[in-house]
Every structure is written in structure tokens, then in C-alpha cells.
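In order, the protein sequence lines correspond to chains A and B.
Start counting the first sequence at 0; every next residue gets the next number (numbering that gives the first Met the number 0).
Start counting the second sequence at 0; every next residue gets the next number (numbering that gives the first Met the number 0).
Hints should not be assumed to be uniformly reliable.
In silico SDA-like links for lysine to any residue, alpha-carbon gap of 20 Å or less [unchecked claim]:
no.	chain 1	residue 1	chain 2	residue 2
1	A	K160	B	I465
2	B	K22	A	K46
3	A	K160	B	D193
4	A	K10	B	D193
5	B	K349	B	S289
6	A	K46	A	R6
7	A	K10	A	L25
8	A	K160	B	L464
9	B	K349	B	L382
Simulated from the structure, these hints should not be mistaken for laboratory data.
Note that the structure is a prediction, hence the values are computed from the model and not measured.
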Amino acid sequence: MNNFILRYISKVVVFFAPVFLVIILLEITARNMEDSFSFKHKFLIEKGTSINTLILGNSHAYYGIEPSILNDSAFSMAMPSQDLLTDFKILESFSTSLPNLNTVIFNLSVSSLFLSVENEARWRKAYYHFKMHLPDALPSSESFFSRNSLLFSAGLKPVLKSFQYKLSGQNQKAMCLPKGNGLYFQEATISILERTGFDAATRHQKDTSEMTTIINQLSLVVDSLIQKKIRVVFVSTPVTDYYSKWISSQTSLKINSALEKIITDNPSCIYLNYRDNLRLPILFFTDADHLNNNGSLEFSRILLEDLKKIPPSNSNPRISPNGLMHQQR
Amino acid sequence: MLFNSIEFCLFLPIVFLLFWGVKPAGLKAQNWVLLASSYVFYGWWDVRFLGLIAFSSILDFTIGKQIFAAEDQRKRKLWLIVSLGVNLGLLATFKYYNFFIESISDAFSLFGDPMHLSGIEFILPVGISFYTFQTLSYSIDIYNKKIEPSDDLLSFLAFVSFFPQLVAGPIERASQLLPQFKTERNFNLSEAIDGSKQMIWGLFKKVAVADTCATLVNEIFNQSESLSSVSLVLGAILFSIQIYGDFSGYSDIAIGCARLFGINLMRNFAFPYLSRDIAEFWRRWHISLSTWFRDYVYIPLGGSRASLPRVVANTFIIFVLSGFWHGANWTFIFWGFLNALYFLPLLLLKRNRLHTNVVAENTLLPSIKEAAQIISTFAITALAWIFFRAENLSQAYHYIARMCTVHKLSIIDQSILAKAAPAIGLCVFMYCIEFIQRKENHGIESLFSKNKVIRHLFYYFLIFLIGYFSNGKTEFIYFQF
Chain A
0 MNNFILRYIS
10 KVVVFFAPVF
20 LVIILLEITA
30 RNMEDSFSFK
40 HKFLIEKGTS
50 INTLILGNSH
60 AYYGIEPSIL
70 NDSAFSMAMP
80 SQDLLTDFKI
90 LESFSTSLPN
100 LNTVIFNLSV
110 SSLFLSVENE
120 ARWRKAYYHF
130 KMHLPDALPS
140 SESFFSRNSL
150 LFSAGLKPVL
160 KSFQYKLSGQ
170 NQKAMCLPKG
180 NGLYFQEATI
190 SILERTGFDA
200 ATRHQKDTSE
210 MTTIINQLSL
220 VVDSLIQKKI
230 RVVFVSTPVT
240 DYYSKWISSQ
250 TSLKINSALE
260 KIITDNPSCI
270 YLNYRDNLRL
280 PILFFTDADH
290 LNNNGSLEFS
300 RILLEDLKKI
310 PPSNSNPRIS
320 PNGLMHQQR
Chain B
0 MLFNSIEFCL
10 FLPIVFLLFW
20 GVKPAGLKAQ
30 NWVLLASSYV
40 FYGWWDVRFL
50 GLIAFSSILD
60 FTIGKQIFAA
70 EDQRKRKLWL
80 IVSLGVNLGL
90 LATFKYYNFF
100 IESISDAFSL
110 FGDPMHLSGI
120 EFILPVGISF
130 YTFQTLSYSI
140 DIYNKKIEPS
150 DDLLSFLAFV
160 SFFPQLVAGP
170 IERASQLLPQ
180 FKTERNFNLS
190 EAIDGSKQMI
200 WGLFKKVAVA
210 DTCATLVNEI
220 FNQSESLSSV
230 SLVLGAILFS
240 IQIYGDFSGY
250 SDIAIGCARL
260 FGINLMRNFA
270 FPYLSRDIAE
280 FWRRWHISLS
290 TWFRDYVYIP
300 LGGSRASLPR
310 VVANTFIIFV
320 LSGFWHGANW
330 TFIFWGFLNA
340 LYFLPLLLLK
350 RNRLHTNVVA
360 ENTLLPSIKE
370 AAQIISTFAI
380 TALAWIFFRA
390 ENLSQAYHYI
400 ARMCTVHKLS
410 IIDQSILAKA
420 APAIGLCVFM
430 YCIEFIQRKE
440 NHGIESLFSK
450 NKVIRHLFYY
460 FLIFLIGYFS
470 NGKTEFIYFQ
480 F
């Protein structure tokens with residue numbers, strides 16, 4: 000090779016050296032920085048034996064159910080955008096770390112039935128893989144780089160955002176509370192409710208392609224939990240009308256038939272439906288479909304009271320004879 | 000393999016080192032490297048596509064020789080027809096078969112006699128329109144005695160499959176590109192450095208600008224029936240920028256990449272959104288396709304020197320053909336037709352070559368008149384792009400009708416407008432940089448040329464934006480054509 004080519008190569012190497020250095024530094028820092036994913040993994044491995052109630056689900060459960068209200072040994076493995084398929088993977092992967100588990104609460108909502116993590120926020124798959132060490136979180140079709148680098152797999156934006164939260168003192172956005180749940184403090188304004196209601200409802204109804212897979216898998220998971228004598232509770236968390244009004248009748252129909260199938264397939268489970276929310280006023284919400292801190296405490300108390308009323312042997316106690324949209328009044 | 004993938008980031012340096020590493024072994028060895036790497040690049044999508052490109056290349060190589068060797072004009076014509084028939088036949092089969100079947104069925108149903116012809120699910124080979132046109136120009140140029148046929152199959156195969164421009168152009172002419180595969184190539188440091196800069200700028204336009212706009216554009220077009228005119232106008236503007244960023248971004252990467260191998264590809268975009276009229280726009284947009292149609296269709300048909308009705312017909316023919324080249328859909332055909340309508344008055348009034356220089360050539364900013372001309376040209380092209388983007392003519396019609404009606408901003412509009420800031424910011428940034436560089440060949444050719452530190456910081460900033468807005472491996476729009 001002539002000198003010009005060598006000069007070009009050296010120029011390219013010198014130019015890109017800082018870029019590679021920054022990539023390596025970001026990768027190392029991102030992998031070692033504590034966040035909800037790594038915290039939950041560590042908690043399950045180190046203190047899993049202390050957990051008897053596990054809460055699973057998406058942001059509705061993450062922000063809406065306060066584990067400490069339910070009991071001292073409850074822990075939330077719910078995460079924003081977490082679909083039911085990921086819930087199953089968590090149960091499967093950490094089953095040996097949870098020998099004393101006696102209750103699993105699944106959050107059933109429009110998004111948990113319809114959306115997969117893949118479509119909702121692809122970067123989260125990388126976090127499940129690298130920070131929560133969830134096997135098969137990343138599809139095998141991903142490239143070598145994606146399978147071996149958090150930065151390449153998740154992308155620069157979420158990694159930088161987590162740094163930003165950490166540095167700007169907004170750690171609660173990247174980090175869950177000690178019981179695994181999240182917290183929103185602010186109360187919703189009407190304009191927030193209007194905007195978020197539309198945004199969330201549109202997003203949640205985008206993709207229904209995986210619903211059948213999700214429901215079929217759910218039955219298998221529930222069977223295996225029941226065999227282990229673990230009580231299974233399905234909960235639909237409250238949402239406001241600002242959200243519900245954008246859920247199309249077609250989607251409602253799909254949800255109802257999906258829920259009907261879930262409950263028919265799993266008669267020994269409990270289903271508590273608070274979706275139409277007749278008890279929590281708007282001041283308990285932070286946006287159209289998420290409870291704030293006060294709402295989460297209030298809702299968790301209601302949930303606890305209702306759970307207490309159900310005798311352990313009773314099957315499907317909250318299903319009304321004429322359908323599934325039975326209200327908790 | 001996509002330019003905006005990690006695989007390509009590894010592939011390119013390996014090919015570069017191999018290509019220049021085998022230089023002492025001669026031109027043939029370098030062409031082998033290019034051919035092998037181009038086939039790896041293309042086969043990355045689907046190995047089955049390789050058979051088609053190899054067949055098409057060998058066929059035209061053979062036919063080229065036959066055309067040249069044939070003594071009487073009839074035989075020459077016959078061989079040309081074979082070349083045109085096979086190449087266009089393959090293109091028609093893979094790309095247009097189902098469109099023709101559907102159109103015939105629809106036509107029969109108009110007369111109350113529904114006809115049920117079944118379509119076939121073909122996989123459309125990536126870039127088939129691009130390399131078919133490239134090989135066609137080879138046969139036509141030999142027929143027109145503009146070039147002699149290649150006697151070296153290896154260099155011909157490398158010319159047809161040259162990976163930087165294989166899947167989305169620029170559509171090269173054999174007379175311009177083929178000789179570069181037959182002459183010794185010497186590494187040119189400044190060309191390679193500028194080529195690398197051009198690749199970074201192309202990646203920025205594709206990954207940061209086009210892909211960011213794409214998310215919003217998809218949302219707007221999917222919900223166009225519930226949106227107000229403000230959002231719909233925004234959707235049309237952003238799509239115009241998206242398609243420019245996507246396609247010119249690809250061309251910049253392709254041209255920059257070729258320069259690393261000492262090969263010069265033709266310029267494909269010359270800042271078209273700085274055009275002052277539609278004629279200037281078409282001299283600056285997808286130049287390799289426009290000139291292909293001009294040289295191989297428009298001029299043979301008589302061009303603008305024929306009778307008035309013939310000129311009008313020729314203009315419509317090339318624009319409609321150009322639209323049809325993009326895809327088997329009436330929306331593309333109408334897009335071409337609309338552009339012909341825009342162009343024709345300028346041609347008939349002989350005002351189509353009013354603006355052959357760069358806007359604001361000797362001033363810092365354009366005059367108010369020039370600015371108004373640029374904005375109005377952009378507006379009419381954006382209107383035409385609505386047809387290009389729409390699923391069908393009905394959607395385009397409803398989109399435009401709704402765009403022209405005043406509505407109160409709905410909650411959906413507010414949601415979309417709130418998300419638009421990053422896309423608008425990136426578009427404005429790109430537009431400003433290209434305006435500053437309007438006399439150059441690409442967006443960052445001589446930017447900050449006097450200050451190395453600022454220049455390098457700017458490149459790092461671009462790389463940061465590429466990384467920050469990267470949204471996985473998204474395909475280029477023009478791959479589907």
C-alpha cells in the first residue's frame with residue numbers, strides 16, 4: 000500500500016479513535032449504572048426468598064400498585080411497556096429464586112394484551128437482556144453487535160436519557176422504589192389528560208397481532224402456577240374517561256372476548272376489573288391512564304380489601320353472570 | 000446490506016483494504032475484489048437475487064457483442080429488441096405483473112364483466128429498476144455506436160454490480176463508468192477524505208433527518224382523515240424532506256463510498272429544494288434518472304424540437320414513464336403526470352432554462368423574489384409528493400381536500416405538533432447547511448474549511464446526531480423501486 004493510503008487510514012483511525020473511546024466508555028458506564036432493571040434482577044437473586052406476592056405488568060401496574068400496601072413481602076416486577084410475554088419470561092427465569100411465592104398478580108390492560116415490547120419500545124428488550132439478564136429477551140435474529148452491546152442494541156438515546164436522569168437528580172425516572180414499583184407525584188391537568196389520553200389510547204391499539212399468542216401462553220403459565228399452588232390474580236387497573244373514550248368499540252370487543260377466553264380457560268383464577276374506574280377521582284391520576292402516588296396508595300388499599308373478601312377456594316368470584324365488564328363498586 | 004448498518008461499517012473497511020491491498024497484483028485482481036464484494040453486498044438481502052443480476056449482466060454482455068458484430072441494421076435492431084425485451088420483461092414480471100393483472104381486471108369490471116385474474120406473489124429484487132436501466136443504456140449506446148462493447152467480462156460484471164450504486168443508483172452510463180473499471184486506479188487522498196465526509200453527510204440526512212421525519216409522516220398519513228389542515232400541510236412538507244433526505248442521503252453515501260475506490264459516480268442531487276422553478280428542480284432532482292429518460296426516450300422521440308403536439312406528448316410521456324418507473328401504482332403515474340403539468344408551461348413559453356446558475360450566486364442571501372420562487376417551487380413539489388406517498392389516488396385526493404379546508408386544531412393535531420419539534424429542527428439545520436454549501440457538490444464539502452478544530456467538532460456533532468436519532472436498521476425508500 001502506498002503512503003497516501005496509509006495516511007488516509009491513519010487519519011480515519013485518529014478521527015474515529017475518540018468516537019470508539021466514547022462508545023466504550025458509554026457501554027461500560029451504562030452496563031454498570033444501577034437502574035430499575037439491574038435493581039430488580041439483584042433483588043430477586045439476593046432477596047427472592049422473602050417474596051410471597053409478585054406483581055407483574057406494564058406501567059399501569061408499575062405506577063398503580065403499591066406493593067407495601069398489599070403486604071410486606073410483595074414485590075413489583077412490573078415495568079413500563081412490559082407485555083405479558085415478558086411477564087412469563089420473568090416468572091420462568093426467576094422461578095428458582097422465588098421458592099415462597101404464593102400469589103402472582105397479572106395486570107391486564109389494553110396495552111398488555113395488544114402490544115409487545117418489541118413494538119412499543121424496542122430499546123427495553125436490550126435492558127431486559129443486559130441488565131435483567133432475561134434469557135431470549137433479544138431475538139436471535141439480532142446481529143452479533145446487538146447481542147453483545149447494550150449501546151448498539153438499545154441505541155444512544157435511551158442510554159443518554161438514563162445518564163441525564165441520574166445527573167439531573169431525576170433518578171426516580173430511571174430507578175424504581177425499593178419495592179420495585181414507580182412513583183408519579185404530580186396531579187393531572189385537563190390538558191394533560193386530553194393529550195395523554197389520546198396518545199396512549201392510539202399507541203395501545205396499534206398492534207393486535209400478538210394477542211392470540213399472548214392469551215395461549217397465559218393459559219400455560221397460569222396452569223403451571225396453579226400446579227405449584229400459587230394463587231393467580233388478574234387485575235385491570237383504573238383509567239380515566241379521557242383514555243377510555245379513545246378506545247374503539249372494536250378494540251373493546253376484542254378485549255372483552257380476550258378476557259372472556261382468559262377467564263374461561265383459567266377458572267380457578269381471580270379477575271378484578273377496575274378498568275372503568277368508578278371510585279377514583281381525577282386528582283388520583285397523573286395522566287389519562289396512570290395513577291399518581293396518592294392514587295396508587297388508594298387503589299392498592301381497595302385492591303387489598305377486595306382480595307381479602309375473596310375466600311381462597313372461590314373461583315372467579317368477580318365475574319358477573321352477564322359478562323365480563325363487572326364493576327368493582 | 001444496508002449502508003446504515005453495523006455490518007456495512009465492517010464490510011467497507013475490509014473491502015477497502017482488500018481492494019488497495021491487491022493493487023500490485025493488477026487491475027484484474029481489484030475487479031475481482033469489487034465483483035466478489037458487490038455480490039456479497041447484494042446477496043446479503045437474498046442470495047436468489049444474485050442469479051438474476053448475473054443473468055442480466057451476462058445477457059447484455061453477450062448481446063452487446065452481437066449488436067456490434069452484426070453487419071446489417073436489421074440484425075442490430077433485432078439484438079437490441081432482444082436486450083430490451085428480456086430486460087424490460089424481467090422488470091415487468093417482477094415489478095409490474097400484478098399491477099397489470101389488477102388493472103385489466105378493473106377495466107373489465109367497468110364494463111360489467113368482472114374478470115378474475117390471479118396475481119403471483121413475486122419477491123421484488125432490490126434495485127432491479129436501477130441495474131436494469133444501467134445495462135439497458137449499455138446495449139442502446141452500442142446500438143447507437145456511442146461506445147464499443149466490452150471485451151472483458153470481469154470488468155463488465157463489476158460495472159453492473161458495483162455495490163455502492165447497485166441498489167439505488169445513481170444510474171450510471173456504461174460510457175462514463177465502464178472505462179473506470181478498465182483503467183488503472185490510483186488512490187487520491189483528498190478524494191478519499193472528501194468522499195468520507197460526503198458519506199457522513201449522507202448518513203446524517205438518512206438516519207437523522209429522513210428517519211425522524213418518517214415517524215411523524217407515517218402518523219400523519221395514517222390518521223389524515225382526523226387531522227386539521229395544519230398537520231396535513233406539515234405532513235406534506237416533512238414527507239418532501241424525508242424523501243429528499245432518504246434518497247439524496249443514499250446517493251451521497253454511494254458517491255462518497257465509490258470515491259474511496261478511486262471511482263467517480265455522477266452527481267444525483269444538486270440541492271433541488273433551492274430551485275426557483277420546476278424546470279430547475281428537475282435538473283437538480285434524481286439527475287441520473289432524468290437524464291436517462293432525456294437521452295433514451297425524450298430525444299429519440301423528437302424532444303422539444305418536434306411539432307407542438309409532439310412536444311406536449313413527449314413531455315407527458317417522459318414524466319409519466321418516470322412516475323411509472325417508481326412503482327406499479329396509479330399514484331406514481333399521477334405524480335409524473337402532475338409534474339408534466341407543472342413543467343409544460345415553462346417549456347412552451349421557453350422559460351425552462353431561466354435558472355441555470357446557483358441561487359444567490361454572488362450574494363449571501365437570496366432576494367425576496369428568489370426566496371418566493373424557492374418557496375413556491377417547494378410548495379408545488381410538496382403537493383405532488385402527496386400522490387407519491389399516498390396508498391392510492393383516493394387517499395391523496397382526500398388528503399389534499401382536507402388540507403384545503405379550515406378546521407379547528409383537534410387534540411390529535413396538538414399531539415402531533417408537540418412531537419414535531421425535533422424533526423423540524425433537523426430539517427431546518429440540514430436546509431441551512433445545504434444553502435451555505437449550495438455552490439459545492441455536497442452538503443459539507445467546504446464547510447469550516449479554514450478552521451480544522453471547528454470542522455472536526457462539526458463532524459463529531461453530525462456523528463452524535465446520527466447515533467442519537469438512529470432508530471435501528473431502516474431501509475431506504477428507493478430500495479422498493
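Any hints from earlier that this structure breaks? Give me their numbers in increasing order, please.
2, 3, 6, 7, 9
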